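Novice: When you get a sec, could you build the whole thing from the sequences and use the hints?
First residue of the sequence shown: 1, per the UniProt record's numbering; consecutive thereafter.
To be clear, the hints were calculated from the coordinates, so they are not data collected in a lab. What you are looking at is a predicted structure, and each value in this text was computed from that prediction instead of being measured. Don't be surprised by glycine CBs; every beta carbon is placed ideally from N, CA and C. Treat each hint with caution, since some may be false.
Claimed, not checked - DEER-style ranges, computed between Cβ atoms:
id	residue 1	residue 2	range
1	224	149	38 to 44 Å
2	200	17	42 to 48 Å
3	128	34	36 to 42 Å
4	151	79	35 to 41 Å
5	144	79	36 to 42 Å
To be verified - In silico SDA-like cross-links for lysine to any residue, where the CA-CA straight-line distance does not exceed 20 Å:
id	residue 1	residue 2
6	194	224
7	19	66
8	194	211
9	19	65
10	194	105
11	141	153
12	194	221
13	194	94
14	141	113
15	141	124
16	148	184
17	148	179
18	148	105
19	19	67
20	194	184
21	194	132
22	194	40
23	141	187
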Amino acid sequence: MLKNTDPIIEVRGLSKRVKDATGELTILDDIHLSIMPGSSVAIVGASGSGKSTLLGLLAGLDSASSGSVRLLGHELTTLSEDERAGLRNGSVGFVFQSFQLMPHLTALENVMLPLELQSGMSARDASSRARELLEHVGLGKRTTHYPKLLSGGEQQRVALARAFVTHPAILFADEPTGSLDAATGHAVIDLMFKMNRANGATLVLVTHDVELARRCDTTVTIDAGRIV
1 MLKNTDPIIE
11 VRGLSKRVKD
21 ATGELTILDD
31 IHLSIMPGSS
41 VAIVGASGSG
51 KSTLLGLLAG
61 LDSASSGSVR
71 LLGHELTTLS
81 EDERAGLRNG
91 SVGFVFQSFQ
101 LMPHLTALEN
111 VMLPLELQSG
121 MSARDASSRA
131 RELLEHVGLG
141 KRTTHYPKLL
151 SGGEQQRVAL
161 ARAFVTHPAI
171 LFADEPTGSL
181 DAATGHAVID
191 LMFKMNRANG
201 ATLVLVTHDV
211 ELARRCDTTV
221 TIDAGRIV
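Specialist: What follows is the structure, given as structure tokens:
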């Protein structure tokens with residue numbers, strides 16, 4: 001059982017290596033990191049430094065070559081892929097640069113999707129919760145629109161609503177403003193921090209944006225696969 005005084009994410013000696021044409025490539029090397037509940041952490045570094053790979057390992061979307069990751073008190077290296085997915089379901093939210101909305105679903109249906117993957121919630125309650133979140137992000141009148149009919153900023157707002165609809169303990173964000181213009185990006189980030197504070201969630205984000213990183217409690221810099 002995870003206590004409030006325990007790290008919500010704890011990493012020890014984490015490494016990720018892959019095979020390539022020249023042999024073995026080290027993407028991450030001996031990463032040690034602790035993240036406390038309710039904190040905000042920015043992971044920064046040059047392109048190819050291993051930032052997004054680290055985020056994927058922290059979230060259990062990928063498997064490490066060595067080392068350990070404890071997420072919400074669970075050692076990810078001992079869990080199967082299905083068990084990791086079960087741990088994420090309802091406890092972890094995601095926001096990606098490419099939005100990753102389902103193109104054949106409306107804004108409302110996209111936000112409802114995480115709730116439908118959980119058991120015990122009726123379709124009516126899921127719809128009501130999703131509508132509430134879409135109202136909160138300013139899209140109450142766009143619930144029936146498909147992603148292709150929404151602007152980039154609107155799609156990212158739908159993604160934010162989807163990420164927070166299950167009241168997650170952790171939000172992972174990978175370059176959340178990378179596909180947006182500056183003004184729209186700032187508006188989306190303001191909304192993300194506001195929603196994160198309201199939910200009391202832990203925020204872990206990957207960004208190239210120095211100004212965005214400064215808004216977080218802690219900045220972790222990755223250079224050539226190592227924390228510097």
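Novice: For each hint, tell me whether it holds in the structure or not.
Specialist: Consistency of the hints with the structure:
| no. | hint | in the structure |
| --- | --- | --- |
| 1 | 224 to 149: 38 to 44 Å | holds (43 Å) |
| 2 | 200 to 17: 42 to 48 Å | violated (36 Å) |
| 3 | 128 to 34: 36 to 42 Å | holds (38 Å) |
| 4 | 151 to 79: 35 to 41 Å | holds (38 Å) |
| 5 | 144 to 79: 36 to 42 Å | holds (38 Å) |
| 6 | 194 to 224 | violated (33 Å) |
| 7 | 19 to 66 | holds (15 Å) |
| 8 | 194 to 211 | holds (16 Å) |
| 9 | 19 to 65 | holds (11 Å) |
| 10 | 194 to 105 | violated (26 Å) |
| 11 | 141 to 153 | holds (15 Å) |
| 12 | 194 to 221 | violated (24 Å) |
| 13 | 194 to 94 | holds (16 Å) |
| 14 | 141 to 113 | holds (19 Å) |
| 15 | 141 to 124 | holds (18 Å) |
| 16 | 148 to 184 | holds (17 Å) |
| 17 | 148 to 179 | holds (15 Å) |
| 18 | 148 to 105 | holds (10 Å) |
| 19 | 19 to 67 | holds (18 Å) |
| 20 | 194 to 184 | holds (15 Å) |
| 21 | 194 to 132 | holds (16 Å) |
| 22 | 194 to 40 | holds (12 Å) |
| 23 | 141 to 187 | holds (19 Å) |
In summary, the numbered hints that this structure violates are 2, 6, 10, 12.
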